[in-house]
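Engineer: For the protein sequence lines, the chains are A and B, in the order given.
Numbering-wise (the numbering used here), the first sequence opens with residue 1 and increments by one.
Numbering-wise (the numbering used here), the second sequence opens with residue 1 and increments by one.
Hints are computed from structural coordinates only; laboratory data are not their basis.
Treat the hints with caution; some may be incorrect.
Unchecked claim - Each computed DSBU-like pair below joins lysine-lysine, with the alpha-carbon atoms no more than 30 Å apart:
| no. | chain 1 | residue 1 | chain 2 | residue 2 |
| --- | --- | --- | --- | --- |
| 1 | A | K246 | B | K110 |
| 2 | A | K246 | B | K156 |
| 3 | B | K409 | A | K320 |
| 4 | A | K29 | B | K64 |
| 5 | A | K178 | B | K195 |
| 6 | B | K64 | A | K246 |
| 7 | A | K178 | B | K64 |
| 8 | A | K29 | A | K133 |
| 9 | A | K334 | B | K156 |
| 10 | B | K409 | A | K328 |
| 11 | B | K421 | A | K178 |
| 12 | A | K334 | B | K409 |
| 13 | A | K328 | B | K175 |
| 14 | A | K326 | B | K158 |
| 15 | B | K421 | A | K334 |
| 16 | A | K326 | B | K457 |
| 17 | A | K246 | A | K2 |
| 18 | B | K175 | A | K246 |
| 19 | B | K457 | A | K2 |
| 20 | B | K324 | A | K320 |
| 21 | B | K324 | B | K457 |
| 22 | A | K328 | B | K110 |
| 23 | B | K175 | A | K320 |
| 24 | B | K409 | A | K326 |
| 25 | A | K328 | B | K455 |
| 26 | A | K320 | B | K158 |
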Amino acid sequence: MKRRGRGIACMWYPIGFTVAANPSAAVVKINEDGTATLLTGTVETGQGSLTILAQIVAQELGIATEDVHVVSADTDATPMDTGAIASRTTYVTGNAARLAAEKARLMMFDVAAPMLNVKPDQLEARDHRIYVKGYPQRNLHVGDVANHARMVMGQPPIGSGYFNPATVALDPETGQGKPFATYVYATQIAEVDVDDETGDVDVLRIVASHDCGTAINPMLVEGQVEGGISMGVGFALQEEILFDAKGRQMNPNLTNYIMPTSLDMPEIEVDIVDNYDPTGPFGAKGVGEPTCVSTAAAILNAIHDAVGVRIHSLPATAEKVHAAIKAKQAAEQKQLSAS
Amino acid sequence: MATDTKTKTTALVDAEQLLRVPSAAPLVPFPVDVQVPDAARQTPAVGQRATRPDCRLHGLGQTKYIDDMYLPGMLFAKIKRAGVASARIISVDTSEAEMTPGVMAVVTGKDIPCNSFGPSLKDQPVLADERVFYAGDGVAAVAAVTEQIAADAIEKIKVEYEELTPVLDPLESLKLETPGVHAPSANIYGHKIIKKGDIEKGFAASDHIFEASFRTQMVEHVPLEPHSSLAQWDANGRLTVHSTLGRITLGRADIARTLGIPMSRIRVVATVVGGNFGGKNEITTEPVIALLSKKTGRPVKCTFTRPEEFYASTTRHPLIMDYKTGVTKDGKILARKIRLVLDGGAYCSWSETTLGKACILSAGPYQIDNLVAEAFVVYTNKTMTGAMRGFGAPQVCFAYESHMDDMAKALNIDPLEFRLKNVLSEGSLSPTSQTLHSVVVRESLLQAAQRFGWKPKTAPEAEGAFA
Chain A
1 MKRRGRGIAC
11 MWYPIGFTVA
21 ANPSAAVVKI
31 NEDGTATLLT
41 GTVETGQGSL
51 TILAQIVAQE
61 LGIATEDVHV
71 VSADTDATPM
81 DTGAIASRTT
91 YVTGNAARLA
101 AEKARLMMFD
111 VAAPMLNVKP
121 DQLEARDHRI
131 YVKGYPQRNL
141 HVGDVANHAR
151 MVMGQPPIGS
161 GYFNPATVAL
171 DPETGQGKPF
181 ATYVYATQIA
191 EVDVDDETGD
201 VDVLRIVASH
211 DCGTAINPML
221 VEGQVEGGIS
231 MGVGFALQEE
241 ILFDAKGRQM
251 NPNLTNYIMP
261 TSLDMPEIEV
271 DIVDNYDPTG
281 PFGAKGVGEP
291 TCVSTAAAIL
301 NAIHDAVGVR
311 IHSLPATAEK
321 VHAAIKAKQA
331 AEQKQLSAS
Chain B
1 MATDTKTKTT
11 ALVDAEQLLR
21 VPSAAPLVPF
31 PVDVQVPDAA
41 RQTPAVGQRA
51 TRPDCRLHGL
61 GQTKYIDDMY
71 LPGMLFAKIK
81 RAGVASARII
91 SVDTSEAEMT
101 PGVMAVVTGK
111 DIPCNSFGPS
121 LKDQPVLADE
131 RVFYAGDGVA
141 AVAAVTEQIA
151 ADAIEKIKVE
161 YEELTPVLDP
171 LESLKLETPG
181 VHAPSANIYG
191 HKIIKKGDIE
201 KGFAASDHIF
211 EASFRTQMVE
221 HVPLEPHSSL
231 AQWDANGRLT
241 VHSTLGRITL
251 GRADIARTLG
261 IPMSRIRVVA
271 TVVGGNFGGK
281 NEITTEPVIA
291 LLSKKTGRPV
301 KCTFTRPEEF
311 YASTTRHPLI
321 MDYKTGVTKD
331 GKILARKIRL
341 VLDGGAYCSW
351 SETTLGKACI
361 LSAGPYQIDN
371 LVAEAFVVYT
381 NKTMTGAMRG
391 FGAPQVCFAY
401 ESHMDDMAKA
411 LNIDPLEFRL
421 KNVLSEGSLS
431 PTSQTLHSVV
441 VRESLLQAAQ
451 RFGWKPKTAP
461 EAEGAFA
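Same shape as in the complex, but just chain A (with noise of 0.2 Å):
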């Protein structure tokens, strides 16, 4: 008989490295037409990471995100990152591009003060346009400001930045110390139908909700807590590489070791909690690892709430989770007839 069961799990996840640097570098290049290139360091690994940092350097500049070019991981090209690595890119490489795109901002402003004839500080960007801040009556159109920096003032528009995240070391006898700039935090909360002959696992549906800071892009958001569950999901009830006596992997290929497909995929519910983090780009921090941290835990708790099995070790495959119901089943037995 298949039987329901709800199980939460929350879980908290520090930005980039344990105490040791890990910088970002950027540069952004603002061209004649007021469009932008930005090099970068970091890897897309498929991740959309690039897209992101697209997205800053835009909101940066005041103009859109299709009008940014990204160049990344060259290192002939571009400059220094640490890399696709540690949930660090939005946060570490983001906020490098931004202070790179804010120089090039300012060169902007630097341009277009004299021809609105106001000071620079006075300036914003948006819209694709340069505004008199308070009278917005006063603008400029940023190609024309960039075209006049390269062909009137000789002036090309060009910004670099760096960023890492602020750390202190920590005592090696206590542990204590900041080893972390920032972390974000999140629930998942799983609903399950556990078969209590097979002891086969279904899992049904995943409400997901995570702490990013400022979502940059939600539905870049959207498909990291989606693969991240897919991965929470493999690792709670399916993926393990066996190996032999003699240390030898028995299962190194798709056919033994069992992944989840789109049909093992429950319902997901993305869910971002609004909050913004002052030391992040526009307030983000970062959302990658994390999506799959909780999932297998909530998909275990809820294991537990439908059959009344405590699962100690992954993965929680039918027969393991079949044995315990028998266990249990046993030893309810004794009780009873002891009783």
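Got chain A; can you put chain B on it based on the hints?
Structural biologist: Below, chain B alone, put in the same frame as chain A:
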């Protein structure tokens, strides 16, 4: 009538010509226009659901991964794997492989200028030369004109081993009397401790003490694109490596160090990587194919097979986790003691980071004033464990959250309510006594509960959960 015959003949000729033309996909002029309003064109840019510029290329199958790249004269490399978990290498005989038609070059561990690398401990050889530490170790590599010839040639390499007893169980490895995997180095190669408050006092003041142990398994990252790299030298001695690395800066440093050449002579490009999840943060075959390319003066490419992806790249650390927690009868956690043992596999890789993060995060997102968390990572003769999405966090989360639910049940408190009583909040001190900011774990719990429709099942005291 005559006209008819002529038409027929022309048609036949056309058909014959068509048969000689290679088949090709229908022509699609670029760019492919999509007539939908795109958030990527909106300002302000932050907060927009902008589509990724690479998604259309992925969708159209236009993305060029390294395995899609073919350079003139390019050779294909294959790595000979040890297949034994612990052994001394007596001899490597590559003569038969070298004589195979189509084989252009063979290298072994002895050919690597500086045969060690690693992000923290430099304990990993590029190719094993004297010792094999796990079955996935490479012992030799072949470059040949086709992938199949290279694959056949590595079968002809004869390696004589003196097999040693492998250490496979991390708890066994932890014992002092167990032979060292990397003797004379100790098997415990990383240790971390976090102490906060007074744990004895905390346990003494607790009404209940709960203990539990948990274990997790080894898993693979399984990126869609396996590890792949392509190396080519130019006549000036400059090396270009296209690689699936997620960290090109570290990759270039490791390539420079292992090959003994200046960084200015190396270009690493990783424009598109088909999935990383932590598994592509360090070099694998890059120095090997660079040497094969140097020897032959040809571009050399190596792409892992799916089995190699499992046994020759990093995996997730299995953890053994012991928890002891003291709580008051109304559900406030007063003290927690944790011991973690991480199975580090054959090499350190990113174990140091995983050890640190697992240890710091192991208390969970809870305010616990009296805490001791201690973690060890040990060598075993198994596939190396390294960076993987979460760096130990999914493992400890499974433990602390299972433990939380068991305690909630024993105390007859709703699991949500029990968490809300203990979670971190703005300004809380973390296990390392860092003042935390932008803390929203409470909000995430309440939002998830509301969205899910969570209602307390247990005692009436849990009613306050949504208050």
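Engineer: So, for every hint listed, does it hold in this structure?
Structural biologist: How the hints compare with the structure:
1. With a C-alpha separation of about 26 Å, the suggested pairing of K246/A with K110/B holds against the 30 Å cut-off.
2. Straight-line distance between C-alpha atoms of K246/A and K156/B comes to about 23 Å, which keeps the hinted pair within the 30 Å bound.
3. For a cut-off of 30 Å, the pair hint linking K409/B to K320/A stands: about 22 Å separates their Cα positions.
4. At roughly 26 Å between alpha-carbon atoms, K29/A and K64/B fall within 30 Å of each other, so this suggested pair holds.
5. The hinted pair formed by K178/A and K195/B meets the criterion: a straight-line CA distance of about 14 Å does not exceed 30 Å.
6. The hinted pair formed by K64/B and K246/A fails the criterion: a straight-line CA distance of about 40 Å is larger than 30 Å.
7. At roughly 42 Å between alpha-carbon atoms, K178/A and K64/B are farther apart than 30 Å, so this suggested pair is violated.
8. With a CA separation close to 24 Å, the supplied pair K29/A and K133/A stays within the 30 Å bound.
9. Only pairs whose Cα atoms come within 30 Å are accepted, and K334/A paired with K156/B is rejected, the gap being roughly 61 Å.
10. About 17 Å separates the Cα atoms of K409/B and K328/A, which keeps this hinted pair within 30 Å; it holds.
11. With a C-alpha separation of about 25 Å, the suggested pair K421/B and K178/A falls inside the 30 Å cut-off, and the hint holds.
12. Restraint check for K334/A and K409/B: satisfied, since their Cα atoms lie roughly 23 Å apart, inside the 30 Å limit.
13. A C-alpha spacing of about 34 Å is found between K328/A and K175/B, which places the hinted pair above 30 Å, so the restraint is violated.
14. Among the hinted pairs, K326/A with K158/B is inconsistent with the structure: their alpha-carbon atoms are about 50 Å apart, more than 30 Å.
15. Taken as a hint, the K421/B and K334/A pair is broken in the structure, with Cα atoms around 37 Å apart against an allowance of 30 Å.
16. The hinted pair formed by K326/A and K457/B meets the criterion: a straight-line CA distance of about 25 Å does not exceed 30 Å.
17. As the CA atoms of K246/A and K2/A are separated by approximately 40 Å, the hinted pair breaks the 30 Å bound.
18. A threshold of 30 Å between alpha carbons decides the hint, and for K175/B with K246/A the separation of about 20 Å falls inside it, so the pair holds.
19. With a C-alpha separation of about 19 Å, the suggested pair K457/B and K2/A falls inside the 30 Å cut-off, and the hint holds.
20. Restraint check for K324/B and K320/A: satisfied, since their Cα atoms lie roughly 24 Å apart, inside the 30 Å limit.
21. At roughly 26 Å between alpha-carbon atoms, K324/B and K457/B fall within 30 Å of each other, so this suggested pair holds.
22. The hinted pair formed by K328/A and K110/B fails the criterion: a straight-line CA distance of about 57 Å is larger than 30 Å.
23. Proposed proximity of K175/B and K320/A is supported: the alpha carbons are some 29 Å apart, at most 30 Å.
24. The straight-line distance between the Cα atoms of K409/B and K326/A is roughly 21 Å, inside the 30 Å bound, and the hint therefore holds.
25. Straight-line distance between C-alpha atoms of K328/A and K455/B comes to about 27 Å, which keeps the hinted pair within the 30 Å bound.
26. A distance of roughly 42 Å separates the Cα atoms of K320/A and K158/B; the hinted pair therefore is violated under the 30 Å criterion.
This entry does not satisfy hints 6, 7, 9, 13, 14, 15, 17, 22 and 26, going by the numbered hints stated previously.
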